[in-house]
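Can you build the whole structure from these sequences, using the hints too?
Sequences listed follow chains W and G, in order. Residue 239, in the numbering used here, is where the first sequence stops; the numbers in between run on with no holes. Residue 260, in the numbering used here, is where the second sequence stops; the numbers in between run on with no holes.
Accuracy of the hints is not assured; some may be wrong.
[Stated by the list, open to error] Computed beta-carbon distance windows for the label pairs:
(1) W:Arg150 <-> G:Arg165: 53 to 61 Å
(2) W:Arg231 <-> G:Arg70: 18 to 26 Å
(3) W:Gln140 <-> G:Arg70: 39 to 47 Å
(4) W:Phe164 <-> G:Leu102: 44 to 52 Å
[As the list claims (entries may be wrong)] Which stretches of chain W does chain G cover? Using the computed rule of at least three CB atoms under 8 Å from a CB of chain G, they are:
(5) 112 to 118
(6) 209 to 217
[To be verified] Okay, derived cross-link-like pairs now, DSBU-like style, lysine-lysine, Cα gap no bigger than 30 Å in a straight line:
(7) W:Lys199 <-> G:Lys112
(8) G:Lys243 <-> W:Lys66
(9) W:Lys29 <-> W:Lys199
(10) G:Lys29 <-> G:Lys15
(11) G:Lys112 <-> G:Lys29
Honestly, the hints are just simulated from the structure, not real lab data. Don't be surprised by glycine CBs; every beta carbon is placed ideally from N, CA and C.
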Amino acid sequence: MFSNFDFDVIARSWPYLFKDGMSFTLMLTGLATGAGIVLGTILALMRLSKFVVLQKFATTYVNIIRSLPLVLVIFWFYFLLPYIGQWVLGSERPMAVGAFMSALVTFSLFEAAYFSEIMRAGIQAVPSGQFAAAQALGMRYHQVMGYIVLPQAFRAMTPLLLTQSIILFQDTSLVYVLSLTDFLGAASKVAQRDGRLVEMYIFAALVYFVISFGASMLVKRLQARIAVR
Amino acid sequence: MNYKWNWGILFEVSPEGKGTYLEMLLSGLMWTLTTAFFAWMIALLLGVTIGVLRTLPSRTGRFIGNAYVEFFRNIPLLVQLFLWYFVVPELVPEHVGDWLKQLPNAAFYNGVLGVGLFMSARVAEQVRTGIESLPVGQRMASTALGMTTAQTYRYVLMPMVFRIIFPPLTSELLNTIKNTSVALTIGLMELTARARSMQEFSFQVFEAFTVATLLYLFTNMIVTILMRRLEKSIAVPGYLGTSANVVVH
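As structure tokens, then:
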């Protein structure tokens, strides 16, 4: 079964797979996680604010995004961003948006909906008495949130945020539909060029597994440490 | 924006020659739903089995169950689909492989299998959590009454578990529907794929994606409403906590 397995194809394409492919994947994962958490926190604060308009906006946004498949959203932004860019800059033609930029905006906005649910749970888990006490001390909204509520929410939710970023890491493989060269894209290009689908896809699966499994083990250990307080 | 909207495109005949563009998208929706339905059957069947396996006293059983879940959870769905579609037919004996490659609707079968197995790991996780959320006393009491392990699960634990985990299972069902879209990469002509090919044929990209989006939202809404109704009739009195965190807030 594995007798005509060509391990050399992996060795040959190693630099391409990791220097081009994996660095794209990791960069996209890292930046989108950062942007997603920031946007997600803002969405969570909007949902919990006393302004109905903000609440409605955030709720609708989160519900719509969560009802749609990521693949569809990737296509949406891929075609929509050039027009949005044109509208923002007021230029004559649709703006040329790079593939990486397009993917980054998509994943940040998409994952923000999921991160916002986590952050909302984290903010709500902080006892409301703390909010009241901080206000009684004369703190303003941004002080209460910035110094009292959000730090605790982040701390409590760190394991969930990290778990979501592992999911994000796996989801980035979907940029395949835009023919980008992320790790899977690189593997699949080599696979098709050399006619080595079996080797390349098994290897890709293995790499994703090792990284995701390893990261989730680390998250578990972190969770155990946070739990003992 | 200098994009030229043309909603009339929906009622123009598509180059596929089987009706209008709108009908093309609706047929995509049918494929999405059919694929999701069969994938969900696989996910439930295997998910419940594996979930139970992970709570059994047997160490081997627990190991197999955990390994299964970790395998399917830590590899992206897209890569899993490629494994089923491109890799498996090459690894099985040649005549089986040839038969697999020549199957009509191979993308559909692979989509069902791939999404089904991927989701089964998530269902297994819900089932395990559900079983572990029951008081240990129930298991002990069953043993004290002389029930076998099989009887304990069949008559005591599982009837409760299914009612408790119904809300999270609803969101996994919605995930199953969404995840079928990944199967467009192996050629399944489901809703997203149809929207994409409508865009390629007609260049009316935003009309195509708007209709696809609305169809997804609509499906989501119908499933949620039906499941909520069912959920109310089977909810365990006093177990309100579980239904509070249903997805689709």
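Do the hints match the structure? See the list:
A hinted range of 53 to 61 Å for the beta carbons of Arg150 of chain W and Arg165 of chain G is consistent with their spacing of about 59 Å. A C-beta distance of roughly 22 Å is found between Arg231 of chain W and Arg70 of chain G, which places it inside the suggested range of 18 to 26 Å. The given range of 39 to 47 Å is respected by Gln140 of chain W and Arg70 of chain G, whose C-beta atoms sit roughly 45 Å from each other. Separation of Phe164 of chain W from Leu102 of chain G is about 45 Å and conforms to the stated range, judged on CB atoms against 44 to 52 Å.
Using a Cβ-Cβ cut-off of 8 Å, 0 residues of the stretch 112 to 118 of chain W lie near chain G, which falls short of the minimum of three, so the contact claim is violated. Judged by the Cβ-Cβ criterion of 8 Å, the stretch 209 to 217 of chain W is covered by chain G as claimed, because 4 of its residues qualify and three suffice. Among the hinted pairs, Lys199 of chain W with Lys112 of chain G is consistent with the structure: their alpha-carbon atoms are about 21 Å apart, no more than 30 Å. Of the pairs offered as hints, the one joining Lys243 of chain G and Lys66 of chain W holds, with about 26 Å between alpha carbons and a cut-off of 30 Å not exceeded.
For a cut-off of 30 Å, the pair hint linking Lys29 of chain W to Lys199 of chain W stands: about 15 Å separates their Cα positions. For a cut-off of 30 Å, the pair hint linking Lys29 of chain G to Lys15 of chain G stands: about 26 Å separates their Cα positions. About 26 Å separates the Cα atoms of Lys112 of chain G and Lys29 of chain G, which keeps this hinted pair within 30 Å; it holds.
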